[in-house]
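Protein chains in written order, with numbering that gives the first Met the number 0: chain A, 0 to 232; chain B, 0 to 232.
Worth flagging that the hints you see were computed from the coordinates, not collected in a lab. Hints may contain errors.
If several chains are the same, the list does not tell them apart, and a pair holds so long as it fits within one copy or across any two.
Straight-line C-alpha distance at most 25 angstroms; calculated DMTMM-like pairs for lysine to aspartate or glutamate [what the hints assert, rightly or not]:
{"#": "1", "residue 1": "Lys-194", "residue 2": "Glu-110"}
{"#": "2", "residue 1": "Lys-93", "residue 2": "Asp-222"}
{"#": "3", "residue 1": "Lys-191", "residue 2": "Glu-120"}
{"#": "4", "residue 1": "Lys-191", "residue 2": "Glu-201"}
{"#": "5", "residue 1": "Lys-194", "residue 2": "Glu-120"}
{"#": "6", "residue 1": "Lys-194", "residue 2": "Asp-89"}
2 protein chains.
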Amino acid sequence: MLSFGNWTLSRPMPAQESNFQVAGFGKAQVKKSDIRLDADSDSTKKAMDTISRRGACVTSIASSSAASLEIEVRPQGLCEGYNVRRLHRDDYHKGLGALLSQLTVGDLAEERFLEMFHLRESQAGVYHTFVIEHLETHRLVATATLIVEAKFVHGGSFVGHIEDVVVDDSHRRKGLAKSLMDAVAHEAQRLKCYKVILDCNETNVPVYEKCGYRVGERQMRLDIPPETSASGS
Amino acid sequence: MLSFGNWTLSRPMPAQESNFQVAGFGKAQVKKSDIRLDADSDSTKKAMDTISRRGACVTSIASSSAASLEIEVRPQGLCEGYNVRRLHRDDYHKGLGALLSQLTVGDLAEERFLEMFHLRESQAGVYHTFVIEHLETHRLVATATLIVEAKFVHGGSFVGHIEDVVVDDSHRRKGLAKSLMDAVAHEAQRLKCYKVILDCNETNVPVYEKCGYRVGERQMRLDIPPETSASGS
Chain A
0 MLSFGNWTLS
10 RPMPAQESNF
20 QVAGFGKAQV
30 KKSDIRLDAD
40 SDSTKKAMDT
50 ISRRGACVTS
60 IASSSAASLE
70 IEVRPQGLCE
80 GYNVRRLHRD
90 DYHKGLGALL
100 SQLTVGDLAE
110 ERFLEMFHLR
120 ESQAGVYHTF
130 VIEHLETHRL
140 VATATLIVEA
150 KFVHGGSFVG
160 HIEDVVVDDS
170 HRRKGLAKSL
180 MDAVAHEAQR
190 LKCYKVILDC
200 NETNVPVYEK
210 CGYRVGERQM
220 RLDIPPETSA
230 SGS
Chain B
0 MLSFGNWTLS
10 RPMPAQESNF
20 QVAGFGKAQV
30 KKSDIRLDAD
40 SDSTKKAMDT
50 ISRRGACVTS
60 IASSSAASLE
70 IEVRPQGLCE
80 GYNVRRLHRD
90 DYHKGLGALL
100 SQLTVGDLAE
110 ERFLEMFHLR
120 ESQAGVYHTF
130 VIEHLETHRL
140 VATATLIVEA
150 KFVHGGSFVG
160 HIEDVVVDDS
170 HRRKGLAKSL
180 MDAVAHEAQR
190 LKCYKVILDC
200 NETNVPVYEK
210 CGYRVGERQM
220 RLDIPPETSA
230 SGS
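Next comes chain A alone, as it looks inside the complex:
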């Protein structure tokens, strides 16, 4: 075990020069070129501070090579036995559909999941879907999606929209929602959003207030009937 201030790595980190490029959460590349990994060096402290501000901690070294070192990063406070990371293409069989069905109606077929996953990938930079995986069962037990909107207002800036937040019934009261929302907020900050907004029913207002949110505007909704004509496109 190696400690850097408040940080502990589960395996010793080689004493090469490295640079933390922490891209949100999940795995992070540590390039062995820019800063020394001495516990006392200013640059190491800066890298650790960057992770710290994002509410994350380095939990383990995933792999290392001559050129780089891959570390696992997760939000501070995330319950033991869980991992927060981005959604992968092969996550369908880890119970994503069952998890989302706790949020609203509609079965998610694998083919449709892959179509939508591919569509989202083709619109690079818009969708950032996070999941929490229960490490023992390899099931997804929470998810939330950040949509990054490029705006013309505010001088041309970015706003994050959070959609489809759900924590599995049987994994509640462990602070998973807070860890998930922290991960999303830190990603929004990294992507230079000046605010994030979400819509929820009145019952869930206190949940988001605990995550630092405040009540904002009113959502208005228009339901749209599908087009029925054969000549409609």
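The hints should help you fit chain B onto chain A, whose structure is shown.
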């Protein structure tokens, strides 16, 4: 003048075979291959019905060639002297920044506008920004943006988010907001959204209720401070 049922074209439409592919509003391609443009033919009526359901009317023939015919389509009820269409790259000098400044703070520099326009174009299918142009002054007097979100819930479906709706102070009380919101809603329908949502302050609830919207959920908001560290990316 030529009439098809309730429809009037400002110039006679050549009696060739054509197919209406009405992509929202603005200009629409009419391909001379699929259906006959006889006033009494079923296929012409179908094409006209499709436009009608979208609350649009054909206002003029913009251009024609051997292969296709371009017609101007605009929402029914749009005040004379105005045109609703998609935002173009060269619209910056038609007063977009001044219009948006009535909505919120922040000057929009031309360079930044073009950066954001390019970014939005690279994320094909997400952004659909409509504007209303005052034909006499060539100034943009209203705008609204539809963002189409690809969802995993609802069996893999689409939801429209409406953002940054504004009508110029000096062009109000002419029904422009209604025409604009109709255009956006019909585009959302064409793009297979099952609902559209937007956030507004309590004062504007009646405006959207007139457009068919109902009060929905609560918006929650989190303001995000920018990252300040030199090592932050």
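The hints, checked one at a time:
{"no.": "1", "hint": "Lys-194 / Glu-110", "verdict": "between (34 angstroms within a copy, 23 angstroms between copies)"}
{"no.": "2", "hint": "Lys-93 / Asp-222", "verdict": "neither (32 angstroms within a copy, 33 angstroms between copies)"}
{"no.": "3", "hint": "Lys-191 / Glu-120", "verdict": "both (20 angstroms within a copy, 19 angstroms between copies)"}
{"no.": "4", "hint": "Lys-191 / Glu-201", "verdict": "neither (29 angstroms within a copy, 28 angstroms between copies)"}
{"no.": "5", "hint": "Lys-194 / Glu-120", "verdict": "both (23 angstroms within a copy, 23 angstroms between copies)"}
{"no.": "6", "hint": "Lys-194 / Asp-89", "verdict": "neither (31 angstroms within a copy, 29 angstroms between copies)"}
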